[in-house]
Amino acid sequence: MLVALWMSRGIKQIRTVMVAGSTLLLALSVYLTIDFIAMRNAGITDAQLYTDSWSWYTPLNICYSIGVDGISVAMLLLSSIIVFTGTFASWNMKPLTKEYFLWYTLLSLGVYGFFISTDLFTMFMFYETALIPMYLLIGVWGSGRKEYSAMKLTLMLMGGSAFLLMGILGIYFGSGATTMNIHEIAQMANIPVNIQYIFFPLTFIGFGVLGALFPFHTWSPDGHASAPTAVSMLHAGVLMKLGGYGCFRIAMYLLPQAANELAWIFIILTTISVVYGALSAISQTDLKYINAYSSVSHCGLVLFALLMMTRTACTGAILQMLSHGLMTALFFALIGMIYGRTHTRDIHKMQGLMKIMPFLAVGYVIAGLANLGLPGFSGFIAEMTIFVGAFSVNDTFHRVVTIIACTSIVITAVYILRVVGKILYGKPENKEHLELTDASWHEKFTVICLIISVAGLGILPMWVSNLINSGVANIISNIQP
Amino acid sequence: MELAIYILALPLLSFLILGLVGKNLSHKVAGILGTLSLMVCTVIAYSVAVTYFGAGRSEDGLFPTLMPYNYTWLPLGGNLSIDMGVLIDPISVMMLVVITTVSLMVHIYSLGYMKGEKGFQRYYAFLSLFTFSMLGLVVATNIFQMYVFWELVGVSSYLLIGFYYTKPAAIAASKKAFIVTRFADLFFLIGILIYGYYTQDFSFTINESILLSASAVLPLALGLMFVGGAGKSAMFPLHIWLPDAMEGPTPVSALIHAATMVVAGVYLVARMFPLFVGYAPETLSMIAYVGAFTALYAAVVACVQTDIKRVLAFSTISQIAFMMVALGVCTSTDPHKGGLGYMASMFHLFTHAMFKGLLFLGAGAIIHAVHSNEKEHMGGLRKYMPITHITFLVACLAIAGIPPFSGFFSKDEILTACYDYSVIMGMFMSIVAALTAFYMFRLYYLIFWGKSLYEEQLNSYNSGIIKEKPHKPHEAPICMTAPLVILATITCFAGFIPFGEFISSNGHAYEIHLRTEVAISSILFAIAGIVIATIMYKSGESKLTKAINQSCKGFIKAAYRRFYMDELWMFITKKIIFNCISRPIAWFDKKVIDGSMDMLATITQRLADFVRPMQSGNIQSYSVWFLSGTLALVLILLYLM
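These protein sequence lines map, in sequence, to chains A and B.
Residues 1 to 481 in our numbering are what the first sequence spells out, letter by letter.
Residues 482 to 1122 in our numbering are what the second sequence spells out, letter by letter.
It is worth saying that the hints were derived from the structure and are not from the lab.
As the structure is a prediction and not an experimental result, all values here were calculated from the model.
Be aware that a few hints might be false.
What the hints assert, rightly or not - Derived pair list, reagent style DSS-like, types lysine-lysine, alpha-carbon separation capped at 30 Å:
#1 A/Lys-146 - B/Lys-1071
#2 B/Lys-1055 - A/Lys-349
#3 B/Lys-504 - A/Lys-427
#4 A/Lys-349 - B/Lys-1071
#5 A/Lys-422 - B/Lys-648
#6 B/Lys-1055 - A/Lys-355
#7 B/Lys-1038 - B/Lys-856
#8 A/Lys-355 - B/Lys-509
#9 B/Lys-864 - B/Lys-950
#10 A/Lys-422 - B/Lys-599
#11 B/Lys-932 - B/Lys-1072
#12 B/Lys-599 - A/Lys-444
#13 B/Lys-596 - B/Lys-950
#14 A/Lys-349 - B/Lys-1038
#15 B/Lys-648 - A/Lys-427
#16 B/Lys-932 - A/Lys-422
#17 B/Lys-648 - B/Lys-1038
#18 B/Lys-1055 - B/Lys-1071
#19 B/Lys-1055 - A/Lys-427
#20 B/Lys-648 - B/Lys-856
#21 B/Lys-1024 - B/Lys-1038
#22 A/Lys-146 - B/Lys-1072
#23 A/Lys-427 - B/Lys-596
#24 B/Lys-1071 - A/Lys-422
#25 A/Lys-349 - B/Lys-648
To be verified - Beta-carbon label-pair distances, calculated as ranges:
#26 A/Ala-38 - B/Ser-694: 40 to 46 Å
#27 A/Gly-340 - B/Thr-647: 21 to 27 Å
#28 B/Ile-947 - A/Gly-340: 49 to 55 Å
#29 B/Ile-486 - A/Leu-169: 55 to 61 Å
Unchecked claim - Derived coverage of chain B by chain A (criterion: at least 3 residues anywhere in the stretch with Cβ under 8 Å from a Cβ of chain A; other residues may be distant):
#30 666 to 675
#31 988 to 1000
Even for Gly, the Cβ is constructed at its ideal location relative to N, Cα and C.
I would like the entire structure built from these sequences, with the hints used as guidance.
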């Protein structure tokens, strides 16, 4: 696909290639999902399916080994949906359309690679592949203080990956393994506990930075605010999931004793993230900032749930990743479309958009309701699974933090409804806004696709929770003492 | 019973159709589509009720609890899962009848009331959504399904209150309603979590041994659930959203904020009633006290409001509190030994839905005629709106508790239950009942009696004082008056339904019998209230009224401002949460956390600036560094040797 893109000349061609490519990816992911479920139903119980492995750097036993379990299948599906809709959302991207899409595709390549690899080093490599294009995408095609934000984002994430690299090396040498394959290391389970104590925090923070863990989340508001629409979508929708996924699959899976012992520190941090992010969102005035802080809160919930280390809570965490990915993508898409028309994101400068652009406004209301956890949308099932799972840990500390985290459902309602009331309802007062148009077909298409996904997950949650069940169970059984 | 699923499916279907393609339909088609689907739905609900109660009791003397549908919707690990299904038992059947009846009336009524409004299709879509969620709530097979629909009901209420989305008051009211109830739902959710964890089940029917093992936490769990119920049912101090919710279209107030959604809290407590009585009697008493206080508070506030919808809103709060009290004063599941309140509460829920729906729809007709909510613009309307007048009067008599109207019977049962609990509670509630009669008749006289504003204006028009010909109030069209007449008829006769036959606290038939002393005293209290209202308001505000107003000015003002509860809440949310928590956090994030990250960057840059000049490309300076470095090394080596 990259090659095809590089060859294509005109904007039409680029679009065709992108649409064809992302549709193909989406179709493949759907096929993969269906096939995966079919194989599971057929009674195949291996932890990983579709495994394959090529050695590419023998001195360090680095292999290009891939394989998927239920969690990664779900993540791949999520990524495909977002890449697909993101393509439509950046229909009129200018200037340097070709380069934009090249980097965009490279970014998604990194993401896909990350989710399918089962080799520590390969995974890390894809992780980096996903990060670098971000710098350019924001720095070149962004808006506002784009250079500052791009630099900040990249440096903070790079800082995180420095921790991560140390963690990975620690795991590799600590286990004395002759392989970098995650599952083999996990099965050996021979990393000494004192080494785990050092490397668990490193790895967890390394991934946590990407998962917007308090206090390492500040790249997110600035980064999102400056990024172009589709990049925001992909970033919040998929890239932030890399953090949660990595925390679960590497930090907790491979370093279980330390994870159990040190979880409380991170539980406190994530609880702060959840409530603090939501509270900060209340007093923001820029749409993207509101949504970025909301992401901090929701992603905090993902890490929070993972650290509860019960099967239900972790299933909830994965559901929350999916749900947050889709919802935030929807939100950023809508914000981008509104910004593209009004050229402002300040909520005090917009009123009565419901009258001017009904389609986008209704979409925004639906996104808002989904975000605040209305039953029928994905947010509800994810949150409920998390809360029920977290509550089943029987001690006071976990109970108290769960209740604190629950308060976020109220705070979320406050900031969502505040925005909806301010910008959508009321009479349009800004004269310049009166002549703005409603969504064009490709924008409608993006929004509708995402709404269907969010509602689909929310109305029929059974199949997803079946899909990820075995994957979660496998990892959890390794963590639980 | 299998038909019951269609009761849910039809409104959902009509919501989807109207919501997705409503724009392309004409107003007429949309309205008729919504109304028709609900009409079918009502017919099914009635047939379910008839077959269910007609099938009679099973051998143990109880009506069977049926569950024609129950599917796992979301597995939650272990034994826990969220199920979706349909539960048929006496109270859910009763609720089905109430909801479909009132909803159908409102649908028909709205054809006239909302005629020509912008967003007519949207209105019907939301009405269908609301009806669907409310029905889902009452047939819930487990507490979590109830919570799911509970949230959906909340959101449909939000959408309908904010229907006039260009009106700032409506926006604020819808936001307030949603956030306040959401705040209460937080407690509900925590209650569910505790309940679910200790019983490992979300269903309503849990066997006794499990409950016993969880008995230590049940009072807490049930208490928290009650807080959720108190939010929806507008119990003090979570009532603040309901009066503001009157910003929505009036038929919506009739359906959601009078007859159905606001009684969800009562229904919740009734649903969990066996648990409350068995394991949390203290919580139940607490409910009684909260209810009693709310009843009094709302009744007092209702006496001085000037907006007729606000009067009705506070009256609703007060009446729902009556139902809560009735549940709260129960001490056993045997209706003969202190369990009467359960039946009384459900009975009152039924009659109240009818007459309060009627009052609101009547108020809607009046507002439609005079284009105002304020009492100043009304008066003397009985000549112009005879049907509305008579039906409104019927409803007033019913709510005041005058026989043979339905309200008398149900309220009388509640008072009896209160007297059984304690004499003080009984007296207290009787006084509140008298206040009810007073404020309702105050309202009645202010609207229909006294000087007519229209006549005054007409006189001044005729004598040339004002130029504009005043607008003459007129009776509402037939599609609005028909529901009024139907509801009034139900109100007249519903009292004679042998309610105890169908619903009682232990499921066995209970024959309602009036206790003479309670009945007589309650009638006397009601008449006293009406007489005072007649003296004070029959012909406008009399001298006496003015004198009273003058003498307790301060109190009346405080009551008019609802004893400053709204201000208090505003203070907490705006001043404390927004300004003292959220703002500082945002500042902290920007300055301290982000600042420290930026500082790291700055420090790195400074360091770089410091190191950079060394790489100047200047041979002389390199050689100086080189030589001094070698010297230093040599010195160190020498020293070490």
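Verification of the supplied hints:
1. A/Lys-146 - B/Lys-1071: Given that 30 Å is the threshold and the Cα spacing comes to 17 Å, the pair holds.
2. B/Lys-1055 - A/Lys-349: 21 Å, holds
3. B/Lys-504 - A/Lys-427: Distance of about 21 Å is within 30 Å: holds.
4. A/Lys-349 - B/Lys-1071: Holds. A/Lys-349 to B/Lys-1071 sits at ~22 Å (cutoff 30 Å).
5. A/Lys-422 - B/Lys-648: 12 Å, holds
6. B/Lys-1055 - A/Lys-355: Judged against 30 Å, a Cα distance of about 29 Å means the pair holds.
7. B/Lys-1038 - B/Lys-856: Roughly 17 Å separates the two Cα atoms, so the pair holds.
8. A/Lys-355 - B/Lys-509: 23 Å, holds
9. B/Lys-864 - B/Lys-950: 19 Å, holds
10. A/Lys-422 - B/Lys-599: Status holds; Cα separation ~21 Å.
11. B/Lys-932 - B/Lys-1072: Distance of about 65 Å is beyond 30 Å: violated.
12. B/Lys-599 - A/Lys-444: Holds, at roughly 24 Å.
13. B/Lys-596 - B/Lys-950: Distance ~25 Å between B/Lys-596 and B/Lys-950 Cα, so the pair holds.
14. A/Lys-349 - B/Lys-1038: Violated, at roughly 38 Å.
15. B/Lys-648 - A/Lys-427: 8 Å, holds
16. B/Lys-932 - A/Lys-422: 43 Å, violated
17. B/Lys-648 - B/Lys-1038: Judged against 30 Å, a Cα distance of about 27 Å means the pair holds.
18. B/Lys-1055 - B/Lys-1071: 21 Å, holds
19. B/Lys-1055 - A/Lys-427: 24 Å, holds
20. B/Lys-648 - B/Lys-856: OK: B/Lys-648 and B/Lys-856 at ~21 Å, within 30 Å.
21. B/Lys-1024 - B/Lys-1038: 19 Å, holds
22. A/Lys-146 - B/Lys-1072: Between A/Lys-146 and B/Lys-1072 the Cα gap is close to 19 Å, so the pair holds against 30 Å.
23. A/Lys-427 - B/Lys-596: 22 Å, holds
24. B/Lys-1071 - A/Lys-422: With Cα atoms ~24 Å apart, B/Lys-1071 and A/Lys-422 stay inside 30 Å; holds.
25. A/Lys-349 - B/Lys-648: Given that 30 Å is the threshold and the Cα spacing comes to 18 Å, the pair holds.
26. A/Ala-38 - B/Ser-694: 40 to 46 Å: 42 Å, holds
27. A/Gly-340 - B/Thr-647: 21 to 27 Å: Since the Cβ atoms of A/Gly-340 and B/Thr-647 sit about 24 Å apart, the hinted range of 21 to 27 Å holds.
28. B/Ile-947 - A/Gly-340: 49 to 55 Å: About 53 Å separates the Cβ atoms of B/Ile-947 and A/Gly-340, which means 49 to 55 Å holds.
29. B/Ile-486 - A/Leu-169: 55 to 61 Å: Roughly 59 Å apart at Cβ, these two residues keep to the hinted range, so it holds.
30. 666 to 675: holds (count 6)
31. 988 to 1000: Violated: only 0 residues of the stretch 988 to 1000 of chain B have a Cβ under 8 Å from chain A.
When each numbered hint is compared with the structure, violations occur for hints 11, 14, 16 and 31.
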